[in-house]
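2 protein chains.
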Amino acid sequence: MANTETDRRNRVKRAPDRGVYEREAIYEIVDAALICHVGFVQDGQPFVIPSIHARDGVELLLHGATSSRLIRHVQSGHEVCVAITLLDGLVLARSIYSHSMNYRSAVLFGKGRLIEGNQERMHALEILSDHIMPGRWDDSRKPNEKEFKATAVVSISIESASAKVRTGPPNDDDEDYQLPIWAGVLPIEQRFLDPERDPRLFHGVELPDYIKEYHRKK
Amino acid sequence: MANTETDRRNRVKRAPDRGVYEREAIYEIVDAALICHVGFVQDGQPFVIPSIHARDGVELLLHGATSSRLIRHVQSGHEVCVAITLLDGLVLARSIYSHSMNYRSAVLFGKGRLIEGNQERMHALEILSDHIMPGRWDDSRKPNEKEFKATAVVSISIESASAKVRTGPPNDDDEDYQLPIWAGVLPIEQRFLDPERDPRLFHGVELPDYIKEYHRKK
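Chains A and B, in that order, are what the protein sequence lines are. Take the first sequence: its position 101, counted from the start at 1, is 101 in my numbering, and no numbers get skipped. Just remember that my numbering sits 218 ahead of the position in the second sequence, which is counted from 1.
Everything labelled a hint here was simulated from the structure, so no lab data went into it. Glycine included, every Cβ here is placed at the ideal spot set by N, Cα and C. Hints should not be assumed to be uniformly reliable.
Claimed, not checked - Below, simulated EDC-like cross-link-like pairs (lysine to aspartate or glutamate); rule was C-alpha separation at most 16 Å, straight line:
| hint | chain 1 | residue 1 | chain 2 | residue 2 |
| --- | --- | --- | --- | --- |
| 1 | B | K364 | A | D176 |
| 2 | B | K360 | A | E175 |
| 3 | B | K436 | B | D306 |
| 4 | A | K146 | B | D391 |
| 5 | A | K142 | B | E334 |
| 6 | B | K360 | B | E377 |
| 7 | B | K360 | A | D176 |
| 8 | A | K142 | B | D394 |
| 9 | A | K142 | B | D391 |
| 10 | B | K360 | A | D173 |
| 11 | A | K218 | A | E189 |
| 12 | B | K364 | A | E175 |
| 13 | A | K146 | B | D394 |
| 14 | A | K146 | B | E393 |
| 15 | B | K364 | A | E206 |
| 16 | A | K212 | A | D194 |
To be verified - Some chain A residues judged to face chain B by a derived CB distance under 7 Å, without partners named:
| hint | residue |
| --- | --- |
| 17 | G77 |
| 18 | C81 |
| 19 | T85 |
| 20 | D88 |
| 21 | S105 |
| 22 | P143 |
| 23 | V165 |
| 24 | P169 |
| 25 | P187 |
| 26 | L193 |
All chains, full assembly: derive it from the sequences and hints.
This is the structure:
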């Protein structure tokens, strides 16, 4: 991945002061998010599909049914664009124009390939599972042959990427600070509520610690 | 918008039992979400950009700087795809294969046009503001001439759309229900924390009720 380099695709045109090209800052956003939005082109038509993802070093993993449109397209090596957005707050300025949101957003560009080897594919599925919930893979029933055959994993080599981050209070025009209008930030948080047991849960199975203590890194 | 009709673009291929084509169900998802992801094609390259949006009847409004790549592209009448995803929970099944998420997801297809008339454009900005926070438009300083000139609004005519919704506990294979593995749902909620006052807030301005009582319809 181009580290701090910019090309035609990843240059942040609007609010360039919010643009972040450093690899680690981009990875933090990718790793914190539970889902991404994958964009691709088919017969000139744009498609955007939500998906889970996981980062494996400088590659981004996606999985799906072998028959899925997204997976089939990505495995053919076409260009894809993956957007990952974390919403942190509504920024309420005095002027409508200066309203904004606090967010962390990453956009990645690259081409995909199908992960072919069985061992590599099983490992990729474990990475995807670990990304969503560490500990779950070891606790679950692993894929049987039929399930494994029905699941494809693609790896997107991240060729270029950028992030945009906004934090902090509103930025109003100097003269607007005297207006008697409430201004500030309404913070947004993704919260996990108490786990809901499956009504058909096998008698006596206790909630494991990795679910009890589940959280995402910010 | 095609109401319950499907075409090549909006047919839900995977898990077709989760596909929802009814107009009202799609609109509920669009209206509940704070942001969308807009996909478009430029020189054969897919782009996905997060944006705020608002629905105006059968049209979807987006806004941005007149110079923004997204806005300039959409106003030229190219095809766009808008994805809106609300995450409701992690579905923890006994088998890794049956893991899923609870979510409400809508994908819209259509072409955009620039909103030209000043009155129509100002009204569209008000609809966008109301979508994010009802009451805020009336309370804020309205756009001045310079700000208004710098802001473009595009309207996307929703030609086709679909939604996918998953709710409820995991669906495991019959024989897996006897496994002593914890299964259930970890619900996810978007929560708004206590408003943070701008440090430069004009003395004596109280928090308005519409912020105090702010919430999103589910």
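**Request:** Grab the minimum C-beta distance from A:P143 to chain B and call the hint holds if it beats 7 Å, violated otherwise.
**Result:** holds, 5 Å
**Request:** Take a quick look at whether A:K146 and B:D391 sit within 16 Å of each other, Cα to Cα.
**Result:** Holds. A:K146 to B:D391 sits at ~13 Å (cutoff 16 Å).
**Asked** Given the hinted pair A:K142 and B:D391, is their alpha-carbon gap at most 16 Å?
**Response** holds, 13 Å
**Message:** Hint validation: A:L193 versus chain B, beta carbon distance must be below 7 Å. Holds or violated?
**Reply:** holds, 4 Å
**Prompt:** Against chain B, is A:P169 within 7 Å by beta-carbon distance?
**Reply:** holds, 5 Å
**Message:** So, as I understand it, the hint says A:C81 touches chain B; can you test that by seeing if any CB pair is closer than 7 Å?
**Reply:** Constraint on A:C81 satisfied, holds at 4 Å.
**Asked** Is the straight-line distance between the alpha-carbon of B:K436 and that of B:D306 16 Å or less?
**Response** holds, 10 Å
**Request:** Would you mind confirming whether the straight-line C-alpha gap from A:K142 to B:E334 stays at or under 16 Å?
**Result:** Distance ~57 Å between A:K142 and B:E334 Cα, so the pair is violated.
**Message:** Given the hinted pair A:K142 and B:D394, is their Cα-Cα distance within 16 Å?
**Reply:** holds, 11 Å
**Request:** Using 7 Å as the Cβ threshold, decide whether A:S105 counts as touching chain B.
**Result:** holds, 6 Å
**Message:** Hinted pair, alpha-carbon criterion (16 Å max): A:K146, B:E393. Please report holds or violated.
**Reply:** Within the cut-off at roughly 15 Å; holds.
**Prompt:** Are A:V165 and chain B close enough, Cβ to Cβ, to be under 7 Å, as the hint says?
**Reply:** violated, 12 Å
Going through the hint list in order, the structure does not satisfy hints 5, 6, 15, 17, 20, 23.
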